[in-house]
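4 protein chains.
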Amino acid sequence: MSSSTGRLFRITTWGESHGGGVGVVVDGCPPRIAISLEQIQLELDRRRPGQSSIVTQRKESDTVDILSGVLDGLSLGTPISMVVRNEDQRSRDYDEMRDKYRPSHADYAYDEKYGIRAWSGGGRSSARETVGRVAAGAVAKAILSRFGVEIVGYVEKVHHILASVDPNTVSMVDVESNVVRCPDPQKAEEILTHIEAIRKEGNSIGGIVGCVARGVPAGWGEPVFDKLEADLGKAVLSLPACKGFEIGAGFGLTDLTGLQANDEFEADENGVVRTRSNNSGGVQGGISNGMPIVIRAAFKPTATIMMEQHTVTTEHNNTTIKGRGRHDPCVLPRAVPMVEAMVAIVLADHALRQSAMLCGTST
Amino acid sequence: MSSSTGRLFRITTWGESHGGGVGVVVDGCPPRIAISLEQIQLELDRRRPGQSSIVTQRKESDTVDILSGVLDGLSLGTPISMVVRNEDQRSRDYDEMRDKYRPSHADYAYDEKYGIRAWSGGGRSSARETVGRVAAGAVAKAILSRFGVEIVGYVEKVHHILASVDPNTVSMVDVESNVVRCPDPQKAEEILTHIEAIRKEGNSIGGIVGCVARGVPAGWGEPVFDKLEADLGKAVLSLPACKGFEIGAGFGLTDLTGLQANDEFEADENGVVRTRSNNSGGVQGGISNGMPIVIRAAFKPTATIMMEQHTVTTEHNNTTIKGRGRHDPCVLPRAVPMVEAMVAIVLADHALRQSAMLCGTST
Amino acid sequence: MSSSTGRLFRITTWGESHGGGVGVVVDGCPPRIAISLEQIQLELDRRRPGQSSIVTQRKESDTVDILSGVLDGLSLGTPISMVVRNEDQRSRDYDEMRDKYRPSHADYAYDEKYGIRAWSGGGRSSARETVGRVAAGAVAKAILSRFGVEIVGYVEKVHHILASVDPNTVSMVDVESNVVRCPDPQKAEEILTHIEAIRKEGNSIGGIVGCVARGVPAGWGEPVFDKLEADLGKAVLSLPACKGFEIGAGFGLTDLTGLQANDEFEADENGVVRTRSNNSGGVQGGISNGMPIVIRAAFKPTATIMMEQHTVTTEHNNTTIKGRGRHDPCVLPRAVPMVEAMVAIVLADHALRQSAMLCGTST
Amino acid sequence: MSSSTGRLFRITTWGESHGGGVGVVVDGCPPRIAISLEQIQLELDRRRPGQSSIVTQRKESDTVDILSGVLDGLSLGTPISMVVRNEDQRSRDYDEMRDKYRPSHADYAYDEKYGIRAWSGGGRSSARETVGRVAAGAVAKAILSRFGVEIVGYVEKVHHILASVDPNTVSMVDVESNVVRCPDPQKAEEILTHIEAIRKEGNSIGGIVGCVARGVPAGWGEPVFDKLEADLGKAVLSLPACKGFEIGAGFGLTDLTGLQANDEFEADENGVVRTRSNNSGGVQGGISNGMPIVIRAAFKPTATIMMEQHTVTTEHNNTTIKGRGRHDPCVLPRAVPMVEAMVAIVLADHALRQSAMLCGTST
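Protein chains in written order, with this note's numbering: chain A, 1 to 363; chain B, 1 to 363; chain C, 1 to 363; chain D, 1 to 363.
Each hint should be verified, as a subset may be incorrect.
Stated by the list, open to error - Here's a subset of chain A near chain B, in silico, CB distances under 7 Å, partners left out:
(1) Thr5
(2) Lys113
(3) Glu222
(4) Lys227
(5) Phe265
Please keep in mind that the hints were generated in silico from the structure rather than gathered at the bench. We put the beta carbon where it would ideally sit given N, CA and C, even for glycine.
Chain A with its partners taken away, still in its complex shape:
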């Protein structure tokens, strides 16, 4: 009972990694939004396996079908149902998973929770579930473009390699200029080499995805429980392998004093207010202040590695396991469109919420 998220812009994903397919129902998209099948497919292609040498080589075209909610390229205001059929399923690669729990995977926890498990392909815990998120994120971006909001995600760190990225200027073009999706070309090169080396040894690594939303007007978000950082945090932390989240200077704020950390306000000659620094990451008191919203998400190394590890059987006997099949040595390049999608979904929801809140104030 947890496959939906959002209050007004609400998405429901479904589907196991091996099975009929995966998909999403987007409910709450306002009417008369331009919805482009090509745009949605493009986002899915950024998430797709096999897109480069450093990601999993599973062969999935991930071709999306829009089954409802769109007429002649415009949203109807009714649910948009999108489906991607599963294609490349090698259950054989997963035979061992039937009887053994993979370390740091969801297998054991699922069995303890449900007493049943779609062992082949990882079922619902597979990153394949994010297909629906990315498709829904493309719809969210279409809504946000009405407000002039632009979202750019990027790889900021892989293992020990830290890139230099300016969230105020980084562009989608910079990000897509290399298969790593790191807008710092030199570090991108280093990262590429490092991922290749890690893959060869059968190991894996993680890293940090950064993401900026520019053009968000002041006033989005909510006080108390649905603060913008809280909703963004939840959305991003719900991605597979994500174990940390921060906004603005985040954990780094604990090293500063108030005098250093505070974002002083200043007004220009037209009375437009901005802050001199952006340690708050564009959000104060849970509400956007008009500055770029900047977040950071930590992804752990891919759990499946081609090296032997201790584990237990489903009968709770000690044994060992060694990964097989086609897996990402580093999820970061494919995580970029996922993070962007989650940020877009949260912001679209808050755009609608702010419209509701202003209900009738101009009538």
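Based on the hints, put chains B, C and D in the right spot on chain A.
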């Protein structure tokens, strides 16, 4: 429309810092849970202003009244309404806030959102709002005690001072042994001295609160959007001044390889499964695995400082502002019961959700 | 976990009949709405016991306190918490209820559900719970007045006496012209006499409350599950003693053919569209069509009567019971403000939802 | 944003009448429930066009595909996605609907709400949307069968013909013994003849569907807003063409006194409690009391008739319209499985809610 949280164990807080009072309605508490007014008051006393020399000296007794939902010390299964009256309101201290936006505070964002603002005392963005959370957290802890779940929060870092805490053994007694709420006695001493110094210069500092939940059975939590780390992250990030969250090894996982990061399973002679390490922080695939759940929350320095800073007026003219009144130089000691409360609220909700999920499986 | 309702305009009621008090938290009221304590009190006075000779003579002043969310007569956009203290509690009248289940009351069902019960005063199943609804309804009406929406409830039938009411013209003044709240003066007289007679014999009766909302623009409501009649039906059927609901010609539509039942459209010279009849009750496909929204609610006779009836003890032994205390022989006059409140709450919610749905369409 | 319903057993339908298809995602089905494709198809066949001479002759096989959430005939606890492809779409029949609003249809209201409309086939307001509900209802019935709950719907009245049905004994076999789905064989015959006659003249009629749920244990349902009659009322009133709802004796209760209406309790020698009458329809205080739950739903005559009627164009000019195409002269026979589905969906949700409420009470 954001003052409620939780799916089944659902709380709604209300109240401005200056006004009639603050409170909470807890809906979804199962019937026949032992609810102790003393226990709730005790948690509120841990959050209360004036409890020690290093926190704000506002004089609020924070005496809680239970108005409904409890009969003869037992919950009825109906909403539990709890109220704390406001007492010590010095509006005069806030006069300047009527016309000037405090840097890194919510004032500006609120005005942009609502076009109206309870300027005195910070209104709803005041940390006083957390009174309702902490009271609700005490109810959540009462539910969790049925399952043998124990929650301990602690100060792990203040400014540059990092304490050493073992989440597997740390106890409430350790934490409450000093006013800093840091279970590392030596570091607690250092932190105390440092906070005093910072207060004297009119500056402020932040830090990290850690929290562990021990005794959570495997199987709580949900796949996809309501992963345990996602719900915990949202809950904790919704606390005032919190700007970062991580679970298990969190951001530190990005420095490891998969071989280093993975938590290998092992079974003892009774077939009881545990992991050799706990980098996952007790959660895999969004679901608890029976190991201690360990999280960490970053709090920025208190925004209000007694030093002059640039800002703008509500008319958007440049000016300066200098804090007045009685403020915490460091929120960390008082943040400990807040973090515990949010963790308890999330876990109680998931305890109920798991019960629902198992619906009828034993009939 | 069911004491909240509404999606965006969301209310949470709390409180037992005997206990600290009853109240409501209204979350989602837009900012800068004029909130008048007098107006809220006036609605509560229409619901209050002891207001006339034909209702219960319990002595409750039902004085409301607004504890948050309102500043200088304007809503802040934050939760509005309202409390009414309990005053006149004669537990003695309820002694028998501790051990015997009252026929057609909630006692037995509560015990089966919760295993614990606030037996004194009926606890949460008492009509006293509706205090919070009526207070919230007054806030909803304040929002709706921005849109020119007017809501008028009235007694349409009591036992076998059926009044004649024109929903297109009936006014609050007509309704409040007599203690029965029936705008048909002659029938009001008859009803008054009949209720007095029923009371004297210790029996009770029910009837039908009608309610019209005029001025609702076309386009409010939702297709599929949250159709306007579905949300109105749920809201009204959630009132104590309500066992039937219909919209427009309702059950009477089953006696007509399509040719008779259909509401033909017509446009005036200005292109303003209306329907020639209003059998649909202002709602088609779940969405308002600009015509008056007309609903009808059936209330059963008050369950507590001063006559002996068969029942069982809490130990499941057969026995008899005879009501005591101060009860309404007919709830209809006091049900009118309750029905109005529920209609207002639903419409305010859909007003906000429609605002959200139009998000950004004019930017 | 209204295509989902249910709190824990939660369904989301999608799809326009003409378009890629219609479907549903069922989230919150407990794991290890036996899910039979045949059983789901059987329910859909009861709803299907063309199943008999008295329903619409559109040719839709309505073959359902289960795309996720089920493994080897057992639910996984993850979302169950079901899809039915659209087949027989004669857009030509709807050409006139592009420019003219059909009386008592949703066309006008949709245009006012959304400013865009899937005119062909009625889009989302078509009864075709209920495919997803009926498929989800089959899953709900599978859950309920664990508790021994049995749901039987039936046609109780068509136009002026009223059947005699005993809700305590009526069986699915009785209902399915004729195409009218009326378990009173003589009245079924009369109704059949009458529908044929009405169809010949191009007119339409409505009626009442009754439904009973037997075997529901005492204690399901909630006080206050989610009373069982409120949730059932909302669910049933959300069906296309439904304009009235009652539970137990419903509107008829207004003709009785308390003495006549009250359901006296009695206990048998084993201490099993039941009521002597069932005017409450199995629900008291919003909570089931162990007696059969009996409800009644009023359906208006089909809006589309083959006779000329006044209406307006989308440009708001007066004109006339005459229905074409293949429509039900009376929706009642096909409404029976829809009502059953909605009752099942509500009860399954409350079964899960009761499990959650009892959380930990037995540990």
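How the hints compare with the structure:
The criterion of a C-beta within 7 Å of any C-beta in chain B is met by Thr5(A), whose closest approach is roughly 4 Å, and the hint holds. Proximity of Lys113(A) to chain B holds as hinted, the smallest CB-CB distance being about 4 Å (cut-off 7 Å). A hinted interface residue such as Glu222(A) counts as satisfied when its beta carbon comes closer than 7 Å to some beta carbon of chain B; here the least separation is about 3 Å, so the hint holds. Interface hint at Lys227(A): satisfied, since its Cβ lies 5 Å from the closest Cβ of chain B, which is below the 7 Å cut-off.
With 7 Å as the threshold, the beta carbon of Phe265(A) comes within range of chain B, its nearest partner Cβ sitting at about 4 Å, so the hint holds.
Of the hints listed earlier, there is not a single one the structure fails to meet.
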